[in-house]
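This is what each chain is made of:
There are 2 protein chains.
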Amino acid sequence: MELAEMKKSELEQFYKQTKEEYENYKAKGLSLNMARGKPSAEQLDLTEGLLSAVKSNKDCYAEDGTDCRNYGIVDGIAEAKKIFAPMLGVSEKEIMVLGNSSLTIMYDNIAKFMVFGTGNGAEPWGIQARDKKLKWLCPVPGYDRHFLITEKFGFEMINIPTDENGPNMDMIEKLVAEDDSIKGVWCVPMYANPTGITFSDEVVRRFAQMKTAANDFRIFWDNAYCIHHLNDTPDKLLNLLEEAKKAGNEDRVLMYGSTSKVTYPGAGVAVFGASEANIAYIRSLMTVQSIGPDKLNQLRHVKFFKTFDGITEHMKKHAALIEPRFKAVLDELDREIAPLGIAKWTKPNGGYFISFDAMKGCAKRICQLCKEAGVILTGAGATFPYGNDPDDSNIRIAPTYPPIEELELAARIFALSVKIAACEKLGA
Amino acid sequence: MELAEMKKSELEQFYKQTKEEYENYKAKGLSLNMARGKPSAEQLDLTEGLLSAVKSNKDCYAEDGTDCRNYGIVDGIAEAKKIFAPMLGVSEKEIMVLGNSSLTIMYDNIAKFMVFGTGNGAEPWGIQARDKKLKWLCPVPGYDRHFLITEKFGFEMINIPTDENGPNMDMIEKLVAEDDSIKGVWCVPMYANPTGITFSDEVVRRFAQMKTAANDFRIFWDNAYCIHHLNDTPDKLLNLLEEAKKAGNEDRVLMYGSTSKVTYPGAGVAVFGASEANIAYIRSLMTVQSIGPDKLNQLRHVKFFKTFDGITEHMKKHAALIEPRFKAVLDELDREIAPLGIAKWTKPNGGYFISFDAMKGCAKRICQLCKEAGVILTGAGATFPYGNDPDDSNIRIAPTYPPIEELELAARIFALSVKIAACEKLGA
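Order-wise, the sequence lines are chains W and Y. Residue 1 is where the first sequence starts when you use the working numbering, and the numbers rise one by one after that. Residue 1 is where the second sequence starts when you use the working numbering, and the numbers rise one by one after that.
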């Protein structure tokens with residue numbers, strides 16, 4: 001029976017029972033964590049071969065004879081470009097292979113656009129910001145670390161609602177056509193953080209084709225989960241750069257990816273894909289900033305994976321470890337919450353998150369109840385700019401990191417907390 | 001006999017002989033390089049053990065249990081701080097251990113100061129630059145990549161002459177006391193690039209104590225060669241941060257170092273040392289930019305070196321390979337050029353360079369002659385801001401990279417080119 005259809009007495013009884021069960025768990029003094037999208041130690045163990053992929057002096061040379069131990073090659077070694085280009089769906093002329101963090105590349109690109117401009121003649125964003133507040137589009141719910149970057153750089157962030165097809169493109173098209181102070185949009189187009197949805201072909205095409213008042217508008221296309229499938233029915237994402245080329249808008253596209261959740265979050269490689277013009281511009285700025293990324297770590301990745309197929313095969317091993325964790329949480333929610341009609345959540349085919357929408361006004365309370373019972377969640381609101389979820393409804397569940405027994409326990413406590421918050425909301 | 005004392009006929013005869021010898025070398029079609037301060041392959045081979053210092057899953061954990069493969073720790077692992085803190089002469093609370101390039105940290109710090117300010121309440125440099133041209137002090141001759149960064153960020157660079165004690169502090173003190181548009185100074189305080197000199201105690205103290213009109217003036221103390229001694233009579237450098245603390249000026253000091261010339265230029269670790277206030281400020285900005293540096297590579301360094309003493313012992317192996325290369329060049333210069341009285345050069349106790357001052361107006365000609373005979377040097381002028389050596393005199397010789405036989409040949413051709421240019425200058 002749905003909770004909203006219960007009589008007052010039924011609701012009170014349900015609340016009392018649930019609270020008792022919750023208190024029993026709370027008394028255990030647990031310490032469980034479903035907060036961050038981190039690979040588990042089991043997943044990291046899959047990559048052990050990477051550690052010794054370059055183990056002697058003679059292993060340190062690239063195919064063209066470059067000594068990867070020494071200075072040089074600001075945009076990555078050729079064979080690394082070759083195996084990672086298919087990951088982003090770009091050519092080897094449209095990719096840079098860099099350090100250990102795509103987030104850092106995004107931050108640095110925005111910093112460069114602030115100080116030097118986007119390279120097409122438009123004034124640096126920092127100069128434009130003298131006269132008007134610059135703005136940024138933020139599909140919500142989204143990735144807290146994206147929002148933190150644009151907040152720090154002083155952009156006014158505008159929430160864009162999303163559904164199962166991606167962001168609301170009617171709204172985006174209208175805004176960017178009218179307002180030249182809007183300089184960019186954050187997108188996680190595949191297995192989005194946190195919703196798990198993949199942008200539809202139509203959404204991708206509209207991003208590629210839309211008219212923008214600002215000639216220096218940029219799409220930050222963080223394709224962090226592009227090969228992170230969970231099952232045999234993966235989503236498919238249209239290639240934004242190719243679609244943008246057809247419309248003559250290729251310079252608005254900046255694509256990012258990394259091996260943070262392929263090899264190691266702390267010691268992987270990150271990639272940047274863009275039009276040849278954008279690559280040339282960013283490279284020209286980077287030659288002042290860097291004498292080159294860690295080429296030896298790039299070589300490790302090349303020797304470990306050999307080909308792009310080697311990477312996608314490796315991802316199946318990750319899926320085998322992650323899929324049961326998603327299932328553990330989803331089963332609990334299906335069994336305990338679905339019949340009550342008090343929440344919605346996503347069942348993604350990939351990525352790292354389940355996005356959970358509680359009844360309005362309940363997310364903070366749920367996180368508080370979980371915390372008091374020893375379960376850490378990403379803070380309510382974190383999936384919105386400024387940490388402000390206007391509905392106080394969305395919670396990001398990250399099931400990958402904990403051991404599965406802990407996860408089952410955490411999911412149980414989460415479900416109890418959802419029930420309690422809903423009862424309270426309904427007047428119990 | 002000194003060249004200037006020769007009769008016209010003697011000079012002509014000397015010129016003719018030298019030119020003949022030069023042409024013989026030129027006819028060989030050589031390809032030699034004394035341009036960049038790069039370690040040789042032999043030096044890089046010294047560090048082979050680093051490659052397998054972390055080779056299995058169980059090796060990947062820091063002393064405190066941190067899994068170095070996963071996300072986290074934005075400012076470096078504790079044991080890396082411990083072994084590198086003595087290198088900069090700071091405490092473990094005054095250091096960050098980061099990625100593979102100190103140059104990148106310097107660039108990023110300036111970028112942050114442009115956009116966000118230095119953290120002491122002064123306006124961001126980018127905002128201040130609206131109303132006045134900002135300036136930067138550049139001891140010359142100096143490091144071309146330093147100058148390129150401040151040029152790119154739009155600073156007007158002011159040349160500061162240096163002697164064997166360091167930069168001209170009378171000039172610096174006067175300038176910074178009067179002009180609050182001067183925001184910083186580049187320093188390579190030990191075995192300077194390219195002069196090889198080490199700043200005297202007095203110079204360091206005056207940097208620490210001087211009054212600056214700008215409250216956001218910063219000393220970029222690039223201590224790239226602090227442990228890069230060539231012999232048993234190393235220079236000693238006073239600790240700038242400690243001296244600055246005594247004067248209450250510790251926040252003006254930003255110190256940099258790396259293992260680029262200790263382990264690998266392409267795959268080492270870089271360190272940043274500063275007051276606790278500066279470290280806290282930069283860390284607060286970096287938490288938005290990065291989820292942490294490559295901790296696994298830090299762990300490799302820790303396991304390979306074990307202690308700071310392990311690092312300094314390792315440097316002796318480098319010295320054993322580099323010192324003969326310096327000697328090869330210096331011997332040639334002492335034998336061939338010294339008697340002629342047409343140039344001066346440095347004989348450093350460490351570092352990577354010999355700084356050569358030819359007769360005024362001869363540097364470009366010497367580099368041209370060398371190039372035509374197949375010897376690549378750092379371009380004349382590169383050691384000055386904007387590539388402009390007003391005397392056209394200074395040439396940076398980098399003897400570390402070529403095999404010693406090639407180096408001897410290159411030094412021979414260099415000496416011949418110096419003689420030819422001097423003869424031409426004297427009217428031959």
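Since the hints were made in silico from the structure, they are not lab data. One or more of the hints may lead you astray.
To be verified - Quick look at which bits of chain Y chain W covers, simulated, 3 or more residues with Cβ under 8 Å: (1) 11-17; (2) 90-101; (3) 147-153; (4) 199-208.
Quick caveat: nothing in here was measured; it's all calculated off a predicted structure. By construction, the Cβ of each residue, glycine as well, lies at the ideal position given by its N, Cα and C atoms.
Here's how the hints hold up against the structure:
With 0 residues having a Cβ less than 8 Å from any Cβ of chain W, the region 11-17 of chain Y misses the three-residue criterion, and the hint is violated. For the region 90-101 of chain Y, the stated coverage by chain W holds: 3 residues have a C-beta nearer than 8 Å to a C-beta of that chain, and at least 3 were required. By the rule of at least three residues with a Cβ nearer than 8 Å to a Cβ of chain W, the coverage given for the region 147-153 of chain Y holds, with 4 such residues. With 0 residues having a Cβ less than 8 Å from any Cβ of chain W, the region 199-208 of chain Y misses the three-residue criterion, and the hint is violated.
The earlier numbered hints that this structure contradicts are 1, 4.
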